[in-house]
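Colleague: So the chains spell out like this:
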Amino acid sequence: MTTILVVDDEFLIADLLATELEDQGYRVLQAHHGKKALEILAHERPALIVTDFMMPLMNGLEMAQAIKSQPQYRDLPIILLSGAQGAIARRYPELFAAVYDKPIELWRLSQAIRALIGPARLAGEGG
Amino acid sequence: MPRSLRRLTSGVEGLDSILGGGLVEGSTYIVQGHPGSGKTILANQVAFHRAAGGDSALYVTLLAESHERLFQFLSTMDFYDPAQVGSRLNYVSAFQTMQEEGLDGVVRLLRREIPRQKASLLILDGLLNAREKAATTLDVKTFIAALQGHVAFASCTALLLTSSNFDDGSGEYTMVDGVLELREEAFGARAVRCLRVRKSRGSAALTGTHQCEITSRGMVTYPRLEALLAQPSVPDQPSEARTTSGVETLDRLLGGGLPVGSITLLTGPSGTGKTSYGLQFLAQSPPDEPALHFGFYETPARLERKAQALGMDLSPLLNAGRLHILWQAPTANLLDGLGQRLLETVRRHGVKRLFLDSFAGFTRAAVDPNRLTEFFTALINELRARGVTVLATCEPYSLHGPQVTLSPPEIGSMVDNLLLVRFAERNAQFLRQLLIIKVRDSAFDPLPREFIITRQGIQLAEAPSGAVKALAGMAVSGDLPL
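Quick note, the sequences are listed as chains A and B, same order. In this text, residue positions in the first sequence follow our numbering: the first is 1349, and each later residue adds one. In this text, residue positions in the second sequence follow our numbering: the first is -11, and each later residue adds one.
No lab work stands behind these hints: they were computed from the structure. All C-beta atoms in this analysis are idealised placements derived from N, C-alpha and C, irrespective of residue type, glycine included. There's no promise every hint is true.
[Unchecked claim] Capping the alpha-carbon separation at 16 Å, the derived lysine to aspartate or glutamate pairs in EDC-like fashion look like this:
1) LYS1383(A) - GLU1410(A)
2) LYS106(B) - ASP155(B)
3) LYS1450(A) - GLU53(B)
4) LYS187(B) - ASP224(B)
5) LYS1450(A) - ASP155(B)
6) LYS129(B) - GLU88(B)
[Claimed, not checked] Residues of chain B placed beyond 10 Å of chain A at every Cβ, according to the derived structure:
7) VAL48
8) ALA71
9) VAL73
10) GLY74
11) TYR79
12) PHE83
13) GLY157
14) MET300
15) ARG310
16) GLU362
17) PHE418
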């Protein structure tokens, strides 16, 4: 089953994203800051990460740097959703597959996710 | 010698004066007020102000509301600088942490996050939620105590925002260093925002209720003038010097002009020529006395036209910066806002001659008329101490007749000099008369004079000899039958 990790400290946004992605058949894991996301990565292998920028303990940029410093995650796409910090994130094209400014329409985000990892595959389909 | 506490400027206009010099570093404040009272604006304003000065601030929400919504709404404010967001100013949500790990989890998160962000300002939005989450009131107390410990250790100042009103006896109230309350008070059809410092540990805050408003500059607070200027801001140095009243004959009657730094009240019904005289008072200002017209009725354009009709051209004075006109429509002014605007202009331009047209503009703005005597006393004392020679107008209630009623009644004893212009009737003709009622510490000519408005300005002429009942506004010549 294709898994997506959603990292956002804001409960409403994380929940909204998770519901939308689950409706499309993805399996969704949630973390509310970068540190928690790294803990999840220790035992999960998501196909893609959608993250917020400003979060407690470890922000989206710090998390992406930590992840991309490990060779096994070089091809793991990370999408950053940000309010005011889009400009900061765009300075790191090597870290982010895409940077979107909030608010973003969900269909646009879904489209970008499908373009990066394809539609959700059901359990047993492999991958 | 007592040690003075280190202060942080808040960036909220007027608030530092109210707090006795700013927020106390390392202190914890509760900012309470109903939804819509302006807590969030105030707190964000402080955060952006600190960030602009190079500090780091951490804004932690315990609410389910999205930060994007907050930014959208803040982006209408002048202080909002998106470049600070995510760099010096970080917004994080501790809502999920609170849901999953309780208040202990929030404290753990903050303990790590404050040093990580090197934050010298912490704002915690949604203390009410923390309160609801707590199983007992003891939990919130423990939470605040732990939080206070961490922020004080990090020399970080904390603002805890809540829409619940903690009562004076509550534990939270006892523990924190300061409590700021924001609320809206209704006066007839008007509502006025106000701020009150309910508690201020280790620092003398201005007491009472201070008016405030939310503008594009954010929250603007106006310290209660009589509290702020209980003593004039500069030492009062009374002088013997005189300056022209703007009318030569009047100078002679006054015994050499108006005393410098004195307040003269010019009273008389509408249409007697008070504003005309005021314009002449300003236009005749000596070059070393920058003049200010502070009025509520005529717009600057109308005043210029009025002056022209009296043979005065104000534009050279205005262009040279020797005359300033500050006009405010008498609609929804805040009393202390007016006072502050006036005094700020006086300070900025070194104003030495002021025409205030009229006291009624202030009276209308006062939502609580009980304050007026104290307000005017503070205002007048400050102007005196700054050596400003003031001419102020005030209208009695009746257009014609023997009664002179002042509002507030004490105004007559507050001022130094009192001039009265009234309508009088002679030989079936309406005419204006000027009387000097009082000049502080000086002899003066008490005989009424005819007050004539001409194309060359205001002139005074001898009143008909032996006129009687002049004070009653019904002067008749003594040799005419009564």
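Colleague: The structure should be examined with respect to each hint, and the outcome stated for every one.
Modeller: Hint by hint, here is what the structure shows:
1. Our distance criterion of 16 Å between C-alpha atoms is met by LYS1383(A) and GLU1410(A), whose separation comes to about 9 Å.
2. Restraint check: the Cα-Cα separation between LYS106(B) and ASP155(B) comes to about 33 Å, which exceeds 16 Å; the hinted pair is violated.
3. Of the supplied pair hints, the one linking LYS1450(A) and GLU53(B) holds, its CA atoms being roughly 14 Å apart against a limit of 16 Å.
4. Our distance criterion of 16 Å between C-alpha atoms is broken by LYS187(B) and ASP224(B), whose separation comes to about 32 Å.
5. Restraint check for LYS1450(A) and ASP155(B): not satisfied, since their Cα atoms lie roughly 40 Å apart, outside the 16 Å limit.
6. With a CA separation close to 20 Å, the supplied pair LYS129(B) and GLU88(B) exceeds the 16 Å bound.
7. Taking the minimum C-beta to C-beta distance to chain A, about 8 Å, the non-interface status of VAL48(B) is violated against the 10 Å cut.
8. Look at ALA71(B): its CB is around 8 Å from the nearest CB on chain A, not clear of 10 Å, so calling it non-interface is violated.
9. Not every Cβ of chain A is farther than 10 Å from the Cβ of VAL73(B); the closest lies at roughly 4 Å, contradicting the non-interface assignment.
10. With a least beta-carbon separation of about 4 Å from chain A, GLY74(B) fails to lie farther than 10 Å from that chain, contradicting its non-interface assignment.
11. Chain A draws TYR79(B) into its interface by the beta-carbon criterion, the shortest separation being 5 Å against a cut-off of 10 Å.
12. The Cβ of PHE83(B) sits about 5 Å from the closest Cβ of chain A, inside the 10 Å cut-off, so the non-interface label is violated.
13. Interface exclusion of GLY157(B) from chain A stands, the closest Cβ pair being 34 Å apart, more than 10 Å.
14. Taking the minimum C-beta to C-beta distance to chain A, about 54 Å, the non-interface status of MET300(B) holds against the 10 Å cut.
15. No Cβ of chain A comes within 10 Å of the Cβ of ARG310(B); the nearest lies about 47 Å off, and the non-interface call holds.
16. Annotated as non-interface, GLU362(B) keeps its C-beta farther than 10 Å from every C-beta of chain A; the closest such distance is 46 Å.
17. Distance to chain A confirms PHE418(B) as a non-interface residue, since its nearest Cβ pair spans about 68 Å, more than 10 Å.
Of the hints listed earlier, those the structure fails to meet are numbers 2, 4, 5, 6, 7, 8, 9, 10, 11, 12, in rising order.
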